[in-house]
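There are 2 protein chains.
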Amino acid sequence: MMTDWLTGYTKEVDDIIMTYLPKEEGHQKTVLSAMNYSVKAGGKRLRPLFMREVYRMFGGTGREVEPFMAAIEMIHTFSLIHDDLPCMDNDRYRRGQPTTWVAYGYDMAVLAGDGLAIYAFETAAKAFSMLAAAAGTGSEDTASQAAVARCIGLLAEKSGIYGMIGGQTADVELTGRSLDREQLDFIYRLKTGALLEAPMMIGAILAGAGPEQVRTVERMAACVGKAFQIQDDILDLTSSQEVLGKPVLSDEKNHKTTYVSLYGMEQARRDVEELSREAICILEGLPGNHEIVRELILMLVTREK
Amino acid sequence: MMTDWLTGYTKEVDDIIMTYLPKEEGHQKTVLSAMNYSVKAGGKRLRPLFMREVYRMFGGTGREVEPFMAAIEMIHTFSLIHDDLPCMDNDRYRRGQPTTWVAYGYDMAVLAGDGLAIYAFETAAKAFSMLAAAAGTGSEDTASQAAVARCIGLLAEKSGIYGMIGGQTADVELTGRSLDREQLDFIYRLKTGALLEAPMMIGAILAGAGPEQVRTVERMAACVGKAFQIQDDILDLTSSQEVLGKPVLSDEKNHKTTYVSLYGMEQARRDVEELSREAICILEGLPGNHEIVRELILMLVTREK
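Chains as they are written, first to last, in the numbering used here: chain X, 163 to 467; chain P, 163 to 467.
Any given hint could turn out to be false.
Short derived list, chain X residues pointing at chain P, Cβ under 10 Å [what the hints assert, rightly or not]:
1. Ile178
2. Cys249
3. Gln330
Covered stretches of chain P (chain X as the covering partner; in silico rule of three or more C-beta atoms under 8 Å from a C-beta of chain X) [claimed, not checked]:
4. 173-184
5. 219-231
6. 247-255
7. 390-399
8. 407-419
The set of hints was computed from the structure by calculation and includes no laboratory data. Don't be surprised by glycine CBs; every beta carbon is placed ideally from N, CA and C.
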């Protein structure tokens, strides 16, 4: 259920992301169009939403968070484009629309994913010039250069082989084999968790949070990420293609071990609630106004798509 | 013809790159192994060689250039892995070895390319912590944080949609159609040129070169890049698979317009020499000892693979 405030916030975040998309011109127009098609296809914008709200919660008021908001959504979209490829999950629909390889061809989908992955860093690096420009005006409400540098490293770490791509690799490699709890936990932590940890940690760092606070944010985000992934497994079994915008029962089709197949539906539902409660409990130990971040976390538990 | 000094220098550069490769362990071991297989498969290490020598020419003596040397080679390797995929050039051999998708499978090759692209930025970002550590020792022979920040942005720009990936896109899209000179120039400038401009400019920036000097380095590198690509077209027609380590006549097979097909062999050979001369002429206007950079440029003209 989309509440009004969330619709408004999502629209604001959407507008920010659109500002950073490349213009569709030049000889490489097709790939630019494929990149933008994929980002515009929408989604919950959960990662940039969390980033902005954690940033605000820690007192951030600058604009250098905006290129990072766009960057995290580009990384997320890049991973979806490549996940959908015939050689990976071979999915033809996502969010009710043809996937990128169906719409633009196999080769352009590989290139559009590559393009978004790299453009995420080109975009994030724009925060440096924003800082330099802000320094000229004497404005003090912006992050330090060192904070931006750390965030770029973190963005790479959490989306790369020790984060999202690492999780995706293990997932691909172990598909069709039955996983134990430790393997499933590893995949969920890296494949889904890392890309929720990154935006929340980046929000905190840019707003000037200390190292201990950033670690606390990471723990909170890890709970959110795990709850989010378990909810995904539940929805794949209980929802419909109309609501979800993509085929359901895909885990069964791909012979995938999921949280539900390992722990049962009842336990899975309980754990989503338990993990959300834990995340909110950690949140309450942090400074600032928690309201929006708490709402975002609660929304994850009740979401139907 | 590999001269002795070049063999030694390439070995040094190789050793530096190896230091930055990820350990092959954990549940994502297969992709890590595929990444390292592809980087270790070798090649001329031309980009990190140029980076280090331009850095030294401008008086650089620090170590923060090293993560960037590894990063540029990772980006280069990532592009080769994805270029070789069945949905792209469908090549089975490179440098005399099976390509990554042949050795590790289609899905792992996509992920290994993705992994290297992102890990390049994770690696480049290590230069920030090297600076922070060096600052603690009072050493002054390292680049500024702002220089490192600029180089990360440049690495993304030159390897992304306005650089290498943009050129690759136009190349894929226009394959099988006959190109005019402007289109061919666009592809060569982005696909090959950008990834030679990046390392030389990064070397200059890290060593403290001024904006005008960096632009001069960019012009020099653009000449080198074009000469390099024309030489590639020539070798594809005149060399053998034994020498080249990959199938020859692939441009004809793929119905590709090349510099040779547009301008003829004689003109192509003349232009390689002309462009090298121009690059060296630009080089001579720059400060420092030019000897090694000049040798590297000359090597391009006489290379047989």
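Against chain X, does the stretch 173-184 of chain P show at least 3 residues with beta-carbon separation below 8 Å?
Per the Cβ count (1), the hint is violated.
Within 8 Å of chain X's CB atoms, at least three CB atoms from the stretch 247-255 of chain P: coverage verdict
holds (count 3)
Quick check on the hint: Ile178(X) CB to chain P CB, less than 10 Å?
violated (19 Å)
Any CB of chain P closer than 10 Å to the CB of Gln330(X)?
holds (6 Å)
Does the stretch 219-231 of chain P contain three or more residues whose Cβ lies closer than 8 Å to a Cβ of chain X?
violated (count 0)
Do the numbers back the hint for Cys249(X), that is, is its least Cβ distance to chain P under 10 Å?
Cβ of Cys249(X) sits 4 Å from chain P, so the hint holds.
Are there at least three residues in the stretch 390-399 of chain P whose beta carbon sits under 8 Å from a beta carbon of chain X?
violated (count 0)
Whether chain X covers the stretch 407-419 of chain P (at least 3 residues having a Cβ closer than 8 Å to its Cβ atoms):
violated (count 0)
Violated hints, in rising order: 1, 4, 5, 7, 8; the structure is consistent with all others.
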